[in-house]
Amino acid sequence: DTEVTQTPKHLVMGMTNKKSLKCEQHMGHRAMYWYKQKAKKPPELMFVYSYEKLSINESVPSRFSPECPNSSLLNLHLHALQPEDSALYLCASRQTGGSPLHFGNGTRLTVT
Amino acid sequence: GQQLNQSPQSMFIQEGEDVSMNCTSSSIFNTWLWYKQDPGEGPVLLIALYKAGELTSNGRLTAQFGITRKDSFLNISASIPSDVGIYFCAGQLLGGATNKLIFGTGTLLAVQP
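As you go down the protein sequences, you meet chains A and B in turn. Everything in the first sequence is counted per our numbering, starting at 84 for the first residue and increasing by one. Everything in the second sequence is counted per our numbering, starting at 209 for the first residue and increasing by one.
In short, the hints are calculated from the structure, not lab data. Just to be clear, a hint being listed does not mean it is correct.
[Stated by the list, open to error] Below, a list of computed lysine-lysine pairs in the PhoX-like style, where the Cα atoms sit at most 25 Å apart:
id, chain 1, residue 1, chain 2, residue 2
1, A, K101, A, K121
2, B, K308, A, K136
3, A, K123, A, K105
4, A, K102, A, K121
5, A, K124, A, K92
6, A, K124, A, K105
7, A, K136, A, K102
8, B, K259, B, K278
9, A, K105, B, K308
10, A, K124, B, K278
11, A, K123, B, K278
12, B, K308, A, K124
13, B, K308, A, K121
14, B, K308, A, K123
Taking the hints into account, I'd like the entire structure generated from these sequences.
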């Protein structure tokens with residue numbers, strides 16, 4: 084079982100909907116990440132939060148809006164998505180420094 | 209985004225065979241990581257390497273951090289059906305308050321009983 088919990092596991096949304104993905108970890112990690120993964124491809128970095136502050140935005144379209152309410156929680160707010168945004172969205176966390184990333188099991192998003 | 213060269217792209221082997229896959233980069237990394245991903249799940253960390261030349265084992269898995277710090281390999285001995293999945297290498301760059309992880313292109317492993 085992963086120690087990074089993501090909800091929901093699956094999400095289907097229309098292009099005009101607003102939805103949110105949630106991620107939670109209780110390992111005391113201070114860096115949290117959002118990745119997007121297409122089938123049989125490696126994860127692609129979207130956002131990084133370090134000590135609850137956004138430190139990296141990999142030129143992600145504004146229809147994706149991250150939020151880090153506290154050190155244990157990470158949200159990804161979705162609005163006006165396109166069908167090509169359909170993918171597995173992975174959350175990950177780590178202690179700061181050189182420690183490895185720990186991933187959640189992802190949210191499988193389908194945009195219709 | 210940037211990706212590492214990982215080979216082979218896929219492998220179809222018989223149960224009991226040994227497996228080897230590797231990753232190369234034009235950049236130097238401080239850390240090499242190997243992950244396995246099963247369908248519908250997130251990547252799971254298999255082995256972490258922190259020092260050039262380091263050789264680390266985890267059960268039937270062995271990985272090495274290349275001396276040049278630009279490559280790494282993963283070996284799986286005596287493969288079993290549950291080894292099936294996609295294996296990703298990842299190189300970690302240290303910089304500032306946040307570290308980036310660059311993933312390899314992945315190796316799809318299929319094991320026939």
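Here is how each hint holds up against the structure:
no.: 1; hint: K101(A) to K121(A); result: 21 Å, holds
no.: 2; hint: K308(B) to K136(A); result: 16 Å, holds
no.: 3; hint: K123(A) to K105(A); result: 23 Å, holds
no.: 4; hint: K102(A) to K121(A); result: 20 Å, holds
no.: 5; hint: K124(A) to K92(A); result: 19 Å, holds
no.: 6; hint: K124(A) to K105(A); result: 23 Å, holds
no.: 7; hint: K136(A) to K102(A); result: 22 Å, holds
no.: 8; hint: K259(B) to K278(B); result: 12 Å, holds
no.: 9; hint: K105(A) to K308(B); result: 22 Å, holds
no.: 10; hint: K124(A) to K278(B); result: 21 Å, holds
no.: 11; hint: K123(A) to K278(B); result: 24 Å, holds
no.: 12; hint: K308(B) to K124(A); result: 18 Å, holds
no.: 13; hint: K308(B) to K121(A); result: 19 Å, holds
no.: 14; hint: K308(B) to K123(A); result: 21 Å, holds
Hint check: no violations occur; every hint is consistent with the structure.
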